[in-house]
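Could you build all of it, start to finish, from the sequences and the hints given here?
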Amino acid sequence: MAESMKKEQPCIRCAECVNRCPVGINPVFIMNTMKSMPVDKAKVKALDPLKCTDCGICTQVCPSGIDVATIVKRSKVIAKLP
Amino acid sequence: METVATKPVETQVASSPKKIRHYGVTARYVDALIALAPVTIWSYLAYGVYAIRNVLISVVTMMLAEFVFVIIKNRKVLFAKDATKKSLKDVLSPLDFLAPAISGIIFGLMVPNRDTNPEGMIYFYLIVSALFGIILGKLVFGGTGRNIFNPAATAFVFMIVCFQSKFSGAYHWNAWGLSFLDSSASVASDATALTLHTASTYTWDNVSALFFGTINGAAGETCKIAILIGLAYLLIRRDTDWHVVVSFLVTFLCMSLIAGLFMAGHNNAVDPFAYTFYQLCSGGVLFGVTYLLADPVTLPLTKPSRVLHGILVAMMVVMIRTFASAPEGMAYAVMMGNALACFIDYFQWSSPKWNRKWILIDAISFVVILGLFAWCMTGFDYSVLQ
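In order, the protein sequences belong to chains A and B. Under our numbering, the first residue of the first sequence carries the number 1, and numbering increases by one thereafter. Under our numbering, the first residue of the second sequence carries the number 1001, and numbering increases by one thereafter.
Just so you know, these hints were derived from the structure itself, not from any lab. Ideal placement from N, C-alpha and C gives every residue a C-beta, glycine not left out. There may be inaccurate statements among the hints.
Unchecked claim - With the Cβ distance kept under 10 Å, some of the chain A side facing chain B (calculated, not the full set):
no., residue
1, 7
2, 15
3, 24
4, 26
5, 43
6, 47
7, 63
8, 64
9, 70
10, 82
As structure tokens, then:
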């Protein structure tokens, strides 16, 4: 709990999450697409977040303390929309 | 029934997934400061207060600009009248001081270490260039982590474009002495290691002088040993990606060797290998690779894209150095590479893992760039070597 309440630092694009993702998706692109308003549904679908297995490695390795896995999980809802 | 002797296995229980990095983004920026320490110390030893003056002015300017930006960005919570009001201490993070300090040190070390005309105006040039770099290179994009251009490279390019003619005086005294620029004629003139284009310049003696920093130039760019210590530290701590460094250096060395071979073909006095290492050690190539190009914020995200990025930036550096009127092209090339990074890394075609498509793209662009450069070298004006 204490770790999740930690203040998030900005993403410095170090690509630790991209290199360590076991299914080969790009969590940074998904995160940036989800943070932009309005969310581009076609782009989220093209980034294929449904491949994600919720392993949570991206959150673990992030030096900025960003909860990437939760953002990818949210993007799955948008990717499932018709 | 046969019994199997079981041997106790030493295991360690830990929760999965395994955490790989145990330090955060603030520690990465502190690492960058540590990597800059050898260069800063050397420039103080060689150039004394002149180098430290440039560094201090640009650091203070960039930090003040970032501080004002943080206040403007958080104005709604800072000046709120109700319970949502936050103090300045809650809003500021260590990155708001570390990031502009690093940019300021890098920019201050790249400034040509010469007298200006008039002398006092150098404060004006430094402050205006640092403000331009930090505001238009970084803050307009939203601050740390969102910039597409490197602030130090932006500030340096602005200064070179606007105030190049103002830096016309003699170099400040290099405490370690001068070697091949040590004649009274060339000290007072504009001669730097990159504008001397005669065949007799490309010797191993001059390469070693460039390597050990016994020449004049920009304060931080002269001593290659200090820069290599910083690069090794960044690579060992994995603060920067080795893909872009290796692909840049390999492409740069191959293209310089091609240029050296062409020059040796037209003028027997040129040693192609000495020419290659002269190009590597002169100017800001190693400094730019370590502190400008390897900044992860402005790089593409994926490994194959980073390799392609290094190849393209190396091509632009060698092209500018060989054919353009500007003697040095590292900062220009880094900025053009930054602008290309989002195109290389577009989500429709970028791939996080190596696949056949990206191996082909990287290999073909490497070969095509070398071929194109060799073709361009047939039109080079070889009379400058005389």
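Tested hints:
The criterion of a C-beta within 10 Å of any C-beta in chain B is met by residue 7 of chain A, whose closest approach is roughly 7 Å, and the hint holds. The beta carbon of residue 15 of chain A comes within 5 Å of a beta carbon in chain B, closer than 10 Å, and the hint placing it at the interface holds. With 10 Å as the threshold, the beta carbon of residue 24 of chain A comes within range of chain B, its nearest partner Cβ sitting at about 5 Å, so the hint holds. The beta carbon of residue 26 of chain A comes within 5 Å of a beta carbon in chain B, closer than 10 Å, and the hint placing it at the interface holds.
For residue 43 of chain A, the shortest C-beta to C-beta distance to chain B is roughly 7 Å, which falls under 10 Å, so the interface hint holds. The restraint placing residue 47 of chain A at the interface with chain B holds, with a minimum CB-CB distance near 6 Å, inside the 10 Å limit. At a threshold of 10 Å, the smallest CB-CB gap from residue 63 of chain A to chain B is about 4 Å, leaving the interface hint in force. With its C-beta approaching chain B no nearer than about 5 Å, residue 64 of chain A sits inside the 10 Å limit, and its interface hint holds.
Because the beta carbon of residue 70 of chain A sits about 15 Å from the nearest beta carbon in chain B, more than 10 Å, this interface hint is broken. For residue 82 of chain A, the interface hint is violated, the least distance from its beta-carbon to any beta-carbon of chain B being 22 Å, above 10 Å.
Of the hints listed earlier, those the structure fails to meet are numbers 9, 10, in rising order.
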